[in-house]
Amino acid sequence: MIPASFEYYRPKDMGAVIALLEEHGDDARVMAGGHSLIPMMKLRMADIPHLIDLQDVAGLGGIEVTDDTIRIGAMITQAELIDHAGLAQAAPILREAALQIADPQVRYMGTVGGNVANGDPGNDMPGLMQCLDATFSLIGSEGERDVAARDFYEAAYMTAREDEEVLTAVTFPRPNGGHAYEKQKRKIGDYATAAAAVQITKEGGTCASAAIAMTNLSDTPIFSEAASGALVGTSVDAAAVKSAVAAMLDDIDPAEDNRGPIAFKTHVAGIILTRAIERAWSRA
Amino acid sequence: MSKKQHYKLTVNGTETKLLAEPRELLIYTLRERLNITGPHIGCETSHCGACTVTIDGKSVKACTMFVAQADGKDVTTIEGLGSPDALHPLQEAFREHHGLQCGYCTPGMITRAAKLLEENPNPTEEEIRFGMAGNLCRCTGYQNIVKSIQAAAVEMNAAKEAAQ
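Quick note, the sequences are listed as chains A and B, same order.
Residue 263 in this note's numbering sits at position 263 of the first sequence, and the numbers go up by one each step.
Residue 42 in this note's numbering sits at position 42 of the second sequence, and the numbers go up by one each step.
It should be emphasised that the hints constitute simulated quantities derived from the structure, not laboratory data.
Remember, it's a predicted structure, so these values are computed and weren't measured experimentally.
Where a beta carbon is used, it is the ideal one built from N, C-alpha and C, also for glycine.
Where hints are given, some of them may not hold.
Said to hold, decoys possible - Pair ranges (Cβ atoms, derived):
no.	chain 1	residue 1	chain 2	residue 2	range
1	A	Ile2	B	Lys17	33 to 39 Å
2	B	Val154	A	Gln55	35 to 41 Å
3	B	Gly103	A	Glu203	57 to 63 Å
4	A	Glu23	B	Thr124	48 to 54 Å
5	A	Ala246	B	Glu96	55 to 61 Å
6	B	Cys139	A	Ala4	31 to 37 Å
7	A	Asp83	B	Gly103	30 to 36 Å
8	B	Ala163	A	Asp83	23 to 29 Å
9	B	Lys58	A	Ile188	17 to 23 Å
10	A	Ala160	B	Glu32	39 to 45 Å
11	B	Val154	A	Gly15	51 to 57 Å
12	B	Lys58	A	Ala148	30 to 36 Å
Said to hold, decoys possible - A few chain B positions that, by computed beta-carbon distances, are all more than 12 Å from chain A:
no.	residue
13	Leu18
14	Leu25
15	Gly80
16	Leu116
17	Glu119
18	Gln150
19	Ala159
To be verified - Below 30 Å or equal to it, Euclidean Cα-Cα: the simulated DSS-like pairs (lysine-lysine) are:
no.	chain 1	residue 1	chain 2	residue 2
20	B	Lys58	B	Lys3
21	B	Lys3	A	Lys12
22	B	Lys160	B	Lys147
23	A	Lys42	B	Lys4
24	B	Lys73	A	Lys12
25	A	Lys187	B	Lys147
26	B	Lys58	A	Lys42
27	B	Lys73	B	Lys17
28	A	Lys12	B	Lys160
29	B	Lys160	B	Lys73
30	B	Lys17	B	Lys4
31	B	Lys3	B	Lys73
32	B	Lys3	A	Lys42
33	B	Lys58	B	Lys147
34	A	Lys42	A	Lys202
35	B	Lys17	A	Lys42
36	B	Lys17	A	Lys12
37	B	Lys73	B	Lys4
38	A	Lys187	A	Lys242
39	A	Lys185	B	Lys58
40	A	Lys42	B	Lys73
Given only the sequences and the hints, what does the whole structure look like? Please build it.
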């Protein structure tokens, strides 16, 4: 397979990246690990006349874990995330999710920034970041700004990021309580038929807070406030889980595709969320 | 067509200079330009792992990397692991334990397995299956591949101990 030809750039600093994006506008795109973009270019579904490889750009790496905040540089790969002991301890849901993304080879190349910025509804990190209430840092010619993950996704491949902006990092409050990332997929390397990210805190025997986000069940990730709310104040018994699932099903809007008809996806979404809530609660 | 560029790669320990369009996929650079035909083209869509090589310590599917991205990097293919006269312990083990039938996936399998054993010298069966999940084999049913990697691990660990 031979993609359409392109000019290739490998700048060393963000200033040069932004200058290229400004110069070439829609004809330019940044590439992190390339494991979403390159397959699309090979299929000629993406034509990128000016390809800007971010691999040498300074300041896009690093995982910082403090007592209350976690920051992950955009170019951190899924493999680096999985291997980071401090992160596994501070926010284990990330490792649990990353291990379910693609396969080992792809995880060496695929990055957190690429996964969240791409806007593919099939990517796992966007829903996860909504569950964690993360903030995405963007940089462009007009300077830096932050956008909440829960406000970032507009439609499939459409996000709040402007064409000449680059996503540099994700930051989120250090999560508390129990967690689960549950994913149903047809085979290793596949995107989710349905996936659920759940964080729950418990006080006494009662759910004090919950955050629930679903993946690949709409053209954006779905943070379901109603489903989260259905658990708070309950003992997360069968009835509470059932109402959380019902609330989630009201919020999603799956489409029929090669992963199955809508009825099947709805069914799987319910089962996946039930499992995720039960597992998160058992760890809370 | 975009202009050809000069690239420099170290492939199996040998520094190699070449002139290519940036869009050339690394698997083609290796196979057609450098005549390194161990890495195979299977699916060419990042699924099957037949083209797996090691780049700067990472297992990478060479069909999903442009030669431009690999500029300046260190690439190891199956040819860099062993030779017909001095097989790598994994090659020996795959032969011994019937870890292959048609052999098409084998270079990718062994290159990936070498990296897996470097990171985890004593993997459980589950860890092997998880770590090899990016490589498909349509012949063996995987059982003998797992056995081969387990056998190679024992062999390599014994050799390491003996060397100490």
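Against the structure, the hints:
no.: 1; hint: A/Ile2 x B/Lys17: 33 to 39 Å; result: 22 Å, violated
no.: 2; hint: B/Val154 x A/Gln55: 35 to 41 Å; result: 37 Å, holds
no.: 3; hint: B/Gly103 x A/Glu203: 57 to 63 Å; result: 60 Å, holds
no.: 4; hint: A/Glu23 x B/Thr124: 48 to 54 Å; result: 52 Å, holds
no.: 5; hint: A/Ala246 x B/Glu96: 55 to 61 Å; result: 57 Å, holds
no.: 6; hint: B/Cys139 x A/Ala4: 31 to 37 Å; result: 36 Å, holds
no.: 7; hint: A/Asp83 x B/Gly103: 30 to 36 Å; result: 32 Å, holds
no.: 8; hint: B/Ala163 x A/Asp83: 23 to 29 Å; result: 27 Å, holds
no.: 9; hint: B/Lys58 x A/Ile188: 17 to 23 Å; result: 18 Å, holds
no.: 10; hint: A/Ala160 x B/Glu32: 39 to 45 Å; result: 43 Å, holds
no.: 11; hint: B/Val154 x A/Gly15: 51 to 57 Å; result: 53 Å, holds
no.: 12; hint: B/Lys58 x A/Ala148: 30 to 36 Å; result: 32 Å, holds
no.: 13; hint: Leu18; result: 15 Å, holds
no.: 14; hint: Leu25; result: 7 Å, violated
no.: 15; hint: Gly80; result: 17 Å, holds
no.: 16; hint: Leu116; result: 8 Å, violated
no.: 17; hint: Glu119; result: 9 Å, violated
no.: 18; hint: Gln150; result: 18 Å, holds
no.: 19; hint: Ala159; result: 25 Å, holds
no.: 20; hint: B/Lys58 x B/Lys3; result: 29 Å, holds
no.: 21; hint: B/Lys3 x A/Lys12; result: 21 Å, holds
no.: 22; hint: B/Lys160 x B/Lys147; result: 20 Å, holds
no.: 23; hint: A/Lys42 x B/Lys4; result: 19 Å, holds
no.: 24; hint: B/Lys73 x A/Lys12; result: 16 Å, holds
no.: 25; hint: A/Lys187 x B/Lys147; result: 22 Å, holds
no.: 26; hint: B/Lys58 x A/Lys42; result: 22 Å, holds
no.: 27; hint: B/Lys73 x B/Lys17; result: 12 Å, holds
no.: 28; hint: A/Lys12 x B/Lys160; result: 40 Å, violated
no.: 29; hint: B/Lys160 x B/Lys73; result: 28 Å, holds
no.: 30; hint: B/Lys17 x B/Lys4; result: 13 Å, holds
no.: 31; hint: B/Lys3 x B/Lys73; result: 21 Å, holds
no.: 32; hint: B/Lys3 x A/Lys42; result: 19 Å, holds
no.: 33; hint: B/Lys58 x B/Lys147; result: 23 Å, holds
no.: 34; hint: A/Lys42 x A/Lys202; result: 48 Å, violated
no.: 35; hint: B/Lys17 x A/Lys42; result: 25 Å, holds
no.: 36; hint: B/Lys17 x A/Lys12; result: 22 Å, holds
no.: 37; hint: B/Lys73 x B/Lys4; result: 18 Å, holds
no.: 38; hint: A/Lys187 x A/Lys242; result: 28 Å, holds
no.: 39; hint: A/Lys185 x B/Lys58; result: 25 Å, holds
no.: 40; hint: A/Lys42 x B/Lys73; result: 22 Å, holds
The earlier numbered hints that this structure contradicts are 1, 14, 16, 17, 28 and 34.
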